[in-house]
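K.L.:
Here's the letter readout for the chains.
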Amino acid sequence: MTPALHDRDLLIIVPAYNEAASVGQVVHEVREAVPGVPVVVIDDCSTDGTSTVAREAGASVLSLPHHLGLGGGVQAGYKLAYELGYEYVIRVDGDGQHDPRDIPRIYEALRTNAYQMVIGSRFLENDADQTSFGRSVGVRFFRIVLRPILGKPVRDPTSGFVGVNRQALLVFSRSFPLEYPEIEALVVLQRRAFQFAEIPVRMRPRLGGRSSITAVKSIYYILHVLLGVFVNVLKFDRRRWKR
Amino acid sequence: MDRLLNFMTLLSVALIVLVLRSVRRAHIRVEYSVSWLGAAVTLLVLSRSNWALDSIARLLGIADPPLALLLVVGCIFLIVLYRFSTVISDLKDANISLAQRVGILEYHLRNLHENQENPKPR
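Quick mapping for you: the protein sequence lines, in order, are chains A and B. The opening residue of the first sequence carries number 1 in the numbering used here; numbering runs sequentially from there. The opening residue of the second sequence carries number 1 in the numbering used here; numbering runs sequentially from there.
Honestly, I wouldn't trust all of these hints.
[What the hints assert, rightly or not] Calculated pairs, DSSO-like style, for lysine-lysine (alpha carbon to alpha carbon, straight line, at most 30 Å):
(1) A:K152 with A:K217
(2) B:K92 with A:K235
(3) A:K235 with A:K217
(4) A:K235 with A:K152
(5) B:K92 with A:K152
Read the hints as simulated data drawn from the structure, not as lab findings. Fair warning: this is a prediction, and the values are worked out from it, not measured in the lab.
One chain only, chain A, in its complex shape:
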């Protein structure tokens, strides 16, 4: 059950790039799951009519003038939410893998605890979820890498089904990892002594479109994210030494 919502309380952002096949259904499901909560689809310069489908489904659309990538789109949504004065933002991907029925639980966890970020994790209840072998290896690798940095275990560091509060919004609207944001964002928050928690959620197969992740991109992903994590740790240490 969705708790009572105040004006400018919760905003749902849906980053989407060429997701015309799925974004309409995602918006409908979100509106069913949290009636009355505004939904903004961030269209990362799609060429397949994503904006039109999203508007017809009842969402507002923030259209980017050129393709920025996932992090750039999500950050645009965070900036908009911060400027409009929202207290909480939950990100739901436009490909339909996130089940919007879990939104109220993420919102509740954000609202009733002192967490700056709540991650919807597909592995908390079922470690052998329907994920690809490559992704599974990546997730396990980053669990090991992140454990000492974050100071606590994280089961699903690559999940994009996340909610943030206004403190995290402020940080992310100023600085947000642009290419593969999920893991680096965790480190960014942890370096500021912010708290995060995971709650179990359901993940589904994509409703449409196809994943852009290939074997070569997976290797690049791991190297890129490792470097990003390392740089974020260094940034923090330098700032601490200057104090």
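On the provided structure of chain A, position chain B as indicated by the hints.
P.N.:
Below, chain B alone, put in the same frame as chain A:
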């Protein structure tokens, strides 16, 4: 050795001419031409001054001065490339920020238009 040094002289003169022409035609901004001109003039000086080249070779512990020249050339262009990498990164950040701002402003504008066309009842 002379042939290599002459080639380097020609290369550096060609680079200076090319950069100056590009600046004149506004293909390169003046501030970004400085790196290229600095690199080209350094090459020109080293390729024409045996004393300078020998000194650098001795300093680096290289017996063959042309080899020292190639090493210096490599280092200079690495520095120029590094400088342009930082410039490109700054430009990309600014570009992303601008694109986000344009998107957000368009979002506000569209909402304003919609509110004007369908005012909410008070």
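K.L.:
Confirm or reject each hint.
P.N.:
Against the structure, the hints:
1. A:K152 with A:K217: 28 Å, holds
2. B:K92 with A:K235: 20 Å, holds
3. A:K235 with A:K217: Holds - the C-alpha atoms of K217 (chain A) and K235 (chain A) are around 26 Å apart, at most 30 Å.
4. A:K235 with A:K152: Distance of about 21 Å is within 30 Å: holds.
5. B:K92 with A:K152: 34 Å, violated
In the structure shown, a violation is registered for the earlier hint numbered 5 alone.
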